[in-house]
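Line order of the protein sequences matches chains A and B.
Just so we're aligned, residue 1 is where the first sequence starts under UniProt numbering, counting upward by one.
Just so we're aligned, residue 1 is where the second sequence starts under UniProt numbering, counting upward by one.
Derived by calculation from the structure, the hints in this document are not laboratory data.
In this text the structure is predicted, and so the values were computed from the model without any measurement.
From the three backbone atoms N, C-alpha and C, an ideal C-beta is built for every residue, glycine too.
Heads up, a few of these hints could be off.
Said to hold, decoys possible - Output of the computed footprint for chain A on chain B, the stretches with three or more beta carbons under 8 angstroms from beta carbons of chain A:
#1 145–152
#2 244–251
#3 370–383
#4 409–415
#5 484–498
#6 574–580
#7 599–608
Claimed, not checked - Which chain B residues face chain A? A few, computed with CB under 10 angstroms, are given here:
#8 110
#9 117
#10 122
#11 177
#12 178
#13 179
#14 180
#15 181
#16 183
#17 241
#18 343
#19 403
#20 586
To be verified - Going by beta-carbon spacing under 8 angstroms, a handful of chain A positions derived as facing chain B:
#21 140
#22 217
#23 233
#24 251
These are the residues of each chain, in order.
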Amino acid sequence: MLAFAARRLIVSVGLVWAVASLVFLVIHLIPGDPAELLLSQGGIAPDPAAVEELRDRLGLNLPLWTQYLDYMGGLLRGDFGLALQDEHPIVDEIALRLPRTLELVGAAGLIALVFGVPLGVAAALRAGGMLDRLLTAGAGLALSVPVFVLGTLTVLVLAQHLRLVPAGGYVPFARDPGRHILLLLMPAGTIAVGLGAVVFRVMRASVLEVLERDHVRAAQARGVSPAGIIRRHVLRNALTPVVTVVALHLGSLLGGTVLVEFVFNWPGLSGYLVRSVESRDYPEVMGIVLVISALFVLLNFLVDLLYAVIDPRVRHG
Amino acid sequence: MRRAAYRGLILPGVLAAIIVLLAIAAPIMPLIDPVRQDIAHRLTGPSAQHWLGQDEYGRDVLSRIIWGARVSLSVAFSAAAAAALIGTLLGILGGYFRGVVELLTVRAAEIVLCFPPLLLALLVVTLLGPGAGTLIFSLSILFAPGFARVAYAETLSTRALDYVTAQHALGARTRRILALTVLPNIATPLIVQFSLTVAAAMLLESGLSFLGLGVVPPAPSWGLMIRGARGAMEQAPLLLFWPCLALTGTVLVLNLLCDRLRDALDPRGRAMGRPGFLGRVFALPPVPSPPAPGLLSVQGLTLQVPGPNGPIEVVRGVSLSLAPGETLAIVGESGSGKTLTGLAVMGLLPAAVTPVAGSIMLTGQDGMPRDLLRLPEPELRALRGRDMAMIFQDPSSSLNPLLRIGTQVAESLRAHGTHDGVHDRVVALLRQVGLPDPERAAMAYPHELSGGQRQRVMIAAAIANHPRLLLADEPTTALDVTVQAQILALLQALKEAEGGMGMVFVTHNLAVVAEIADRVAVMYAGEVVEEGPADEVLAAPRHPYTAALIASTPEGEAERLSAIPGAVPQPWAMPPGCRFAPRCAMAQPACTVTAPALEEVAPRRAARCLRWRELA
């Protein structure tokens, strides 16, 4: 198990390095001068002297490999550089906002699993029945509603019309736990609708497939009760594809909470990213993309470990 | 079935066509200019001129919705088409040439999949600035790897087909093979992928536009309209409603179209019944209580499966009997119904198979005879693994790979009320079936054991509660020849140890029958064609099929090995007379007309042949 984890870890570190290099190269090799782009607001050509001054300040006049080594060295020390706009250290802003996004994604994943898994099992056990058809149709609908449409309509109905909840925002947990959770639940629930539908679909298909396997029939031949068969011979075996799919979606959610954070005014990492993209703040965009990609890789690493926990064959292979 | 699947395409297909037609026809429809502002009438409700009202700049909402469809769909379609073109090309090249080309095409494209999609789109927008061109560019990058993967996988499997290899051998040019052979073959999965991509591209486009990073105002786009309407949410909630409805509805139609398309193109794995262990749903008419069996008595068992032209009888009128301590072998080719007969006794028939007539009487451990076909599922479950047990053909798939061996053997005990000393009993059972180091084996996972050892585990679980009846469905077929003999010897030894246990042994191997069975029933095309004491039947068969089987067995007494010509008839195309007549060397005109009955040909022997006397 330890050797397995160590192998996976080495691969993951290599991947993060590759992503960091790739992001660096994309930013620096794409035609167009970042300094010029940054200064050319509103289509007016910027003052060449100002561009030159900015290029100097950003180190853009140094040879590319020097810039690369500087950047990588900074990353190793946990230094992502300064933002162009107001020169705040990027790593501080990320450290402030990242936990909020992780909290949002985690809560959404949890809600999706809590509903998706049992409903998927229930639908599969009565495949073709009324409940199954209802849930399957519901999941199809849930998958078709864009997350920002759902969020906006939630705000419209719950906050504007019924005045049940605030329209959005953020309160630190330490200041007001109840309000914090209330404000968390709306965006998390919005994300969880689509994600839960995905979990439901995968779980349903997976259970149907496992039910047909020989070892289920063999357990039946031993006289094991239906509850025992489902618990020991179906659920755990059916869970592997769900783990894969949920991890994949949580990974894309790390960058995909943008819309929901925007709708509910949740001050997470995504909002920071959108702001950076709007103001074309290269160091900021690079830093955020890198952090999210690294998390993505970390998530995949954790999923591999989870496989090993679920399936002894992976552990020993 | 397939026709029904195509019929399902009509509704989403028509709806999608309407949406696309509206978008195409936008310039020639009598619509108000979607960007003409009318600030004086901003946020006015529906009127005769403005059916859906006016937005925050007084622009006509209906017109903007229809023009918005045009923008959203053209971005989504262009992006999906570009992605399809690039991705398919990369996938085909990678799949056809493999090696370095594969690395440069498919694997390179997959790097994109390492980034969260929206993040990558935002990165592109940072570099190129917002606008429809940027959108199409970033969406094609995002979706091309999906096409590359599909095309790659399909090309790999098509490439291996014989006729592609043949073309290559005949000297056809690579480009020609790719264009004329590979492409048409991979077209269907690509169509499904394309409709999926259009829906996904619409979602992303509208999302980016909603953030203000996609389509540039004042061009109408559903995402932008929702963005604009949010500000006026309190005064004019309907303004928010229309673009939301248009967007959700279109994506829903596209997703539905995609699902139905997949069903129509790939009809596998559609309708499935409920699993049997939740309770079976057939009801059989009661029979006047049949005579108490020695141990097991199957009378007139008939099993049906639904077919396109009405139900098909896969097992017809099968009768068998077994006394305590006896071994009955059921012999026949694949498709003869021997396995289904065994599963019917256990009540483990697949959901599609229904018993429609007959009875299966079993004398339980308590000495009470019961009709298994008419027993409610909970009572049947109590018998399974206690009074009767079964071992299966493939021990590798019959054990749950995620559970320890000991846990699975213990299930037999726990399911029937043993809760004390389970571990010791499990170890004793594993020792009894001849596993070396049973303590360790109990803690092992199935993949750590060999095939023969796994079958020993299955046998241990089966005999845990000293069953009266042991059903063995080809228990040695999946094993090495040397291991087969060991397993047979083990079964023999266990039968002697468990006094009075009867065994039904399903096999296609006559050598095994000679070695292990007291009685034998030969099945052909769902019927018993001959039945009797094993040594008598093997020495002097009274049915041409039995004779032919013996002649085709290497260990048989025949001078020359002969195969039986032809194949078992399909269950929906049974010959009207004797089912074996088309393959029978002794068939006469009468055989193809009259279906022979099972006749007693000697004491305790029966055969289903018009000419059995001539075989004597």
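Verification of the hints:
{"no.": "1", "hint": "145–152", "result": "violated (count 0)"}
{"no.": "2", "hint": "244–251", "result": "holds (count 4)"}
{"no.": "3", "hint": "370–383", "result": "holds (count 3)"}
{"no.": "4", "hint": "409–415", "result": "holds (count 3)"}
{"no.": "5", "hint": "484–498", "result": "violated (count 0)"}
{"no.": "6", "hint": "574–580", "result": "violated (count 0)"}
{"no.": "7", "hint": "599–608", "result": "violated (count 0)"}
{"no.": "8", "hint": "110", "result": "violated (12 angstroms)"}
{"no.": "9", "hint": "117", "result": "holds (6 angstroms)"}
{"no.": "10", "hint": "122", "result": "holds (5 angstroms)"}
{"no.": "11", "hint": "177", "result": "violated (35 angstroms)"}
{"no.": "12", "hint": "178", "result": "violated (31 angstroms)"}
{"no.": "13", "hint": "179", "result": "violated (34 angstroms)"}
{"no.": "14", "hint": "180", "result": "violated (36 angstroms)"}
{"no.": "15", "hint": "181", "result": "violated (32 angstroms)"}
{"no.": "16", "hint": "183", "result": "violated (30 angstroms)"}
{"no.": "17", "hint": "241", "result": "holds (8 angstroms)"}
{"no.": "18", "hint": "343", "result": "holds (8 angstroms)"}
{"no.": "19", "hint": "403", "result": "holds (6 angstroms)"}
{"no.": "20", "hint": "586", "result": "violated (40 angstroms)"}
{"no.": "21", "hint": "140", "result": "holds (6 angstroms)"}
{"no.": "22", "hint": "217", "result": "holds (6 angstroms)"}
{"no.": "23", "hint": "233", "result": "holds (5 angstroms)"}
{"no.": "24", "hint": "251", "result": "holds (6 angstroms)"}
The structure shown violates the earlier hints numbered 1, 5, 6, 7, 8, 11, 12, 13, 14, 15, 16 and 20.
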